[in-house]
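Peer 1: Got chain A; can you put chain B on it based on the hints?
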Amino acid sequence: MMRSAESAAPMIQLENVTFYRGTRAILRDINLSVEAGEMVAIVGPNGAGKSTLLSAIAGDVHPQSGTVSIGHMPIGEYRPRPLARIRSVLSQENIVTFPFTVREVVAMGRSPWVGLPESDEDETVIADSIDAVDMRYLSGRKFVQLSGGERARASLGRVLAQRTPIVLLDEPTAALDLKHQETALSIARELCAAGTTVVVVLHDLTLAAAYADRIAVINDGVMDAYGTPDEVLTGDLLSAVYDIPIEVFRHPASGGVIVQPRRQDRQS
Amino acid sequence: MSRRQSRRVRQGTVYASLGMLLVVAVIVSAMVGQITISPTEVIGTFLRGIGIDTAWGPQSPQHEATLWAIRFPRVVMGIVVGASLAVAGAIMQAVFGNPLAEPGVVGVSSGAAVGASVSIVFGLTAWGAWTTPVFAFASALITTFFVYYFSRSGGKSEVVTLLLTGIAVNAFTGAAVAFLTFMGSAASREQIIFWQFGSLNGSRWGQAGIVAVGCAVGIVGALLVARQLDLLSLGDNSARHLGVDVERLRFIGIVLTVTLVGVSVAFVGIIAFVGLVVPHMMRMIQGPSHRSLIISSALGGAVLLVIADVAARTVIPFADLPIGVLTSIIGGPYFFYLLRRARRSAGGWA
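In order, the protein sequences belong to chains A and B.
Heads up: the first sequence runs through residues 1 to 268, numbered per the numbering used here.
Heads up: the second sequence runs through residues 1 to 350, numbered per the numbering used here.
Only chain A is shown next, with the shape it has when bound in the complex (with noise of 0.2 Å):
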C-alpha cells in the first residue's frame, strides 16, 4: 500500500524498547513502528507485556533502555498537554470519583484543546462521539450508575472526543457485548481511514484477524511475530505462544480468519 509523502516517518517508533519492574524484564527488545492510518493489534497471553507496551506508547511508563517516539519526536520531549492532543488513551479500569454525567465525562476529553481554535467545534465533536458509541439515550446519566460495559463506550466516547492522530485502546472490547465489540472495532477502523492510527491491544485474535491491518504478537515481553493477519495468525505460532493447540481456519463464505482452541469432541 502507497502512503503518501507527509506520512513517509511511521507515526508510532519504538526502537530496542526494554522495561524492567524491579529485577523482572516486562518488555525485552522491542521494535515496533506504525505508519499513519494503520490499525495494529497487539495480542498474547495474560501478563505478556501488552498493556506495558501499551502503556511505553502512551508515554506512561519509562523504558529503561531504547527510544519511544510518536508523532515524529521522542515521547519524552512533549510537555503533558501538546502530548494529548497527538495520543489518546483508553484505559482497562475506567473510573470516575464524582457523580460526573456521561455527556461531563465525554466532554472532558476537549480540555486539551482548551483556549485553541479548535475548541469552537466542542459542542459538536462531544455530540458526535457521544453517537458514534450509541450513548445518546444515556447522556444525562451518572458515570457511576452504568454497567460496565457502558463505562466502557462512555471512556471511548471521550477517547474520541480527543480527536487525536493516534488512539490508543487497551482492551475496548473486554466488557462489551457482540454488537458493540464490533461498533467499537469499527469506529476504529473509520478513524484509520481518515489517518487515524490506531494500536489496540486485543483478546479476541478472530477478532484482531477481521480488524487490524498488522498484529504484534507478545509473549513474555518478546515480540514473537509482527506481520498481517494471515502471516502471523498460524496455528504452529500461536498453540507455540498461548500453550495449547490452536486451529486457524477460514469462514467458508467470508473467507475471514477465524481462531479456536483445538476442543475435545462433546458427543458420545
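It cannot be assumed that every hint is accurate.
[Stated by the list, open to error] Now the stretches of chain A that chain B is said to cover, found in silico as 3 or more residues with beta-carbon under 8 Å: (1) 133-141; (2) 174-182.
[Said to hold, decoys possible] Ranges of calculated distance between the beta carbons of each label pair, as one might list FRET restraints: (3) A:64 x B:13: 39 to 47 Å; (4) B:340 x A:147: 38 to 46 Å; (5) B:49 x A:99: 40 to 48 Å; (6) B:5 x A:182: 49 to 57 Å; (7) B:15 x A:24: 51 to 59 Å; (8) A:114 x B:48: 41 to 49 Å.
Keep in mind that the hints were calculated from the coordinates and are not lab data.
A virtual CB, placed ideally from N, CA and C, is assigned to each residue, including glycine.
Peer 2: Structure of chain B alone, referenced to chain A:
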C-alpha cells in the same frame, strides 16, 4: 447552546440563592447578642461606615461601636473561615480522589494546631502578628503531605487507609498539643484549649483580614485549576492522558488546601466537617464540576458558618458555645451517613 444557557441559569440561581441566604444570615448574626439591634439599624450602620448616610443610621454610639468593633469583625471572620474550610474540603476531595477527605478528618487541622501551639507556648513573635499563622501553615503543610503520601496508592486513596491515617495523625498531633498545653503557662493553656474547640469569639479586624487574604488566594488558585481537578476524577492515568501534569496539580492542590485551612485554624481553631458537608451538599444541588463547586462551596461554607455562629451564641443563654463543638455535633452524624453510603455504593470499603 441552549444546554449551556440552561446550565448557566441554574448555576446563577444557586449562586443568587446562596448570596441572599448569606446576606440574611449576616444581618441576623449582627442583630443578636447581649443587646439586640434591629435589622434596619444593622444595615444603616454598615452603610454609614462605608460613607453612605441613610435614615436607618445607628441609634446610639454604643450600638455603632458594638457593631463595628465586635459583631462585624466576627461576622466577617465567620464568612472567610467558612468559605476557606468548604473550598479546602472540595479541593482535598478532588486531590485525594475521595469524597470523604476533609481537613479535620484527615488531621490537617490538628496538624496546624500543633504549629500554632508551639508558637504560642514558646511566645514566638518573629513575624509579628503573622507568626502564629506561619507556624500553623508550616505544620499543616507537613501533616498534609504526610497523610497524602501515606494514604495514596495507584492514583487513589482507599477510604480505610485515609481514615486510619487520619486516626494516627490525630492521635499524634493530639498528644503533641496536649504536651504543649502541659508545658505552657496558664495563659497559653487557655489559648490552646480555646482552639481545640474552635470559636469565632473575640475575632478582630486584623485577624479577619489575614484570613481573608488566605481565603482569597485559595479560592482564586482553586478556580484556576478547577478544570484540571475535574479531570483528576478520572484517575491519575486518564488525567495524564488528557494533558494534566498530575504531580504538579496535586502539589498545587495541597498547598492551596493548607493555605486555606492553616490560616483559618490559626485564628479560630479547629472547626471540623464544614469541608465535608458543604461540598457534598453543593454536588447534590448542582453537580460535581469544580468551577461551580468551588464558588458555591465558598458561599455555602460562609452561610453555614455564619448560621452556626448565631446558633453557638444563642443555643445556651448567656454563653458562647464553641462553634467547633456545634459543627462536629452536626457534621459527625453526616459523616456516618456518607460513610455508609460510600460503603454501599462501592460494594465494599474501596
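Peer 1: Are the hints correct? Go through all of them and say.
Peer 2: Evaluated hints:
1. 133-141: violated (count 0)
2. 174-182: It is violated, with 0 qualifying residues against the three required.
3. A:64 x B:13: 39 to 47 Å: The hint (39 to 47 Å, Cβ to Cβ) is violated, given that residue 64 (chain A) and residue 13 (chain B) are roughly 56 Å apart.
4. B:340 x A:147: 38 to 46 Å: With Cβ atoms ~24 Å apart, the hint is violated.
5. B:49 x A:99: 40 to 48 Å: Roughly 43 Å apart at Cβ, these two residues keep to the hinted range, so it holds.
6. B:5 x A:182: 49 to 57 Å: violated, 38 Å
7. B:15 x A:24: 51 to 59 Å: holds, 54 Å
8. A:114 x B:48: 41 to 49 Å: holds, 46 Å
Violated hints, in rising order: 1, 2, 3, 4 and 6; the structure is consistent with all others.
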